[in-house]
Amino acid sequence: MGLVDDAEQPGFVTTTLDKLLRWGRSRSMWPVNAGIACCSLEMMTTGAARYDFDRFGIMFRSSPRQADVMIVPGPITKKMAPIVLRVYNQMAEPRWVIAMGSCAISGGTFVDSYNVLPGCDTILPVDVYIPGCPPRPEALLYGCLQLRKLISETSMIGSSRKTLYVPPVLPPEWSAELLAEYGAGDQPGYADVTTSAPEVVEAAYHSADAPVAADGPAAPDVQEAGDDEV
Amino acid sequence: MRSDLVGILSIHGTALHGLGFDARAVVTREAWRDCAADLQMAGARFFDITAIDRGDSVEVILVLIDPPATHFSLRASCPNEDLRLDTLSDIFPPAEWGEREVFDLFGVEFDGNPDMTRILQPESSTIFPLRRSFVLEQRPW
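Taken in order, these protein sequences are the chains called B and F.
Just so we're aligned: 101 in the working numbering is position 118 of the first sequence, and the numbers increase by one with no gaps anywhere.
Just so we're aligned: 88 in the working numbering is position 84 of the second sequence, and the numbers increase by one with no gaps anywhere.
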């Protein structure tokens, strides 16, 4: 990246397409507007005038089709889990997940409940964990800025980014239809964790990495991505 | 407590014990539905339906209001081998969802309820979590 020092045609910047995409994506994180539980009140506060998400380009979208970040603000009950997963699957790739608060991280105080998942990372690939019960709006902002850093450091071209859904744990109460719809497809990168052997699941999980590893330079530009000012 | 409600209870072979919110009348399963219907005709109003696991039986509790403000409960026990009870959903329409909740959490099936399915848990759930025999999943740590 650099300025073209040409007096006749000023104002040009050279960069790579990858860096340009990362720059744009990291500065327009649009979370899906899915307030699951009480942490969503802090999420709303963060979006309101006093803390003001919008100044970072973070704007809530009401449709998952327009969103690329999912903030999970609360415990996921087993009845809610298929809906959360459906919303996640409806989001356009690449997509990211923020687990906000103790319940979304580990189930929190409901971890022993018969009806609550022990953390949303049992069904979603979480990128940023924000502890707190609930986290303050500053903490959520900090978490979002960490995610922005992550996005701006992750290459999107020939990406090794895992966006395929491979659930480590599925609730045993889920019916076979739900498993067929959400978990156990035939696509590469998918594995049915309820029936497959652990090594099969492991292989499927890493098969999303395989093209990049075969192409030679794996995970490009991670080190030199500190300069995100394009 | 009005005297006619006390009379209805005595017709169905039971009587009121306890005071205040603890006032209760235990009926047999056979008299459960008729007693509730007679109480409704005499003016008792539905407040809640819930249950307690007594170990060898599940006691279904119908909380009623004797207007304007007196609460009392009508109770019937179902042995663990036969968790069935007649529905009250046509006598007290709000009891339909309450009975579904009792079924969801305790496993008591109400004969005649038009929609005896899970209400709080996923439809595919197989557990009755408020039963004493239900054991929570062990954490790995």
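No wet-lab data here; the hints were simulated from the structure.
For every residue, glycine included, the Cβ atom is placed at its ideal position computed from N, Cα and C.
Just so you know, not all the hints are guaranteed correct.
Here are the simulated EDC-like cross-link-like pairs (lysine to aspartate or glutamate), alpha carbons at most 16 Å apart as the crow flies [to be verified]: (1) B:Lys132 / B:Glu(-9); (2) B:Lys132 / B:Asp110; (3) B:Lys61 / F:Asp94; (4) B:Lys61 / F:Asp70; (5) B:Lys62 / F:Asp108.
Where chain B lies over chain F, by a calculated footprint (3+ residues, C-beta under 8 Å) [stated by the list, open to error]: (6) 17 to 25; (7) 114 to 126.
Structure-based check of each hint:
Of the supplied pair hints, the one linking B:Lys132 and B:Glu(-9) is violated, its CA atoms being roughly 36 Å apart against a limit of 16 Å. Only pairs whose Cα atoms come within 16 Å are accepted, and B:Lys132 paired with B:Asp110 is accepted, the gap being roughly 11 Å. Of the pairs offered as hints, the one joining B:Lys61 and F:Asp94 is violated, with about 31 Å between alpha carbons and a cut-off of 16 Å exceeded. Pair hint B:Lys61 plus F:Asp70 does not hold up; C-alpha atoms about 39 Å apart against a cutoff of 16 Å.
Among the hinted pairs, B:Lys62 with F:Asp108 is consistent with the structure: their alpha-carbon atoms are about 13 Å apart, no more than 16 Å. Check on the stretch 17 to 25 of chain F: 0 of its residues sit with their Cβ under 8 Å from a Cβ of chain B, so the three-residue criterion for coverage is violated. Proximity of the stretch 114 to 126 of chain F to chain B, defined as three or more residues with a beta carbon under 8 Å from a beta carbon of that chain, is established by the 3 residues found.
Of the numbered hints listed earlier, those contradicted by the structure are 1, 3, 4 and 6.
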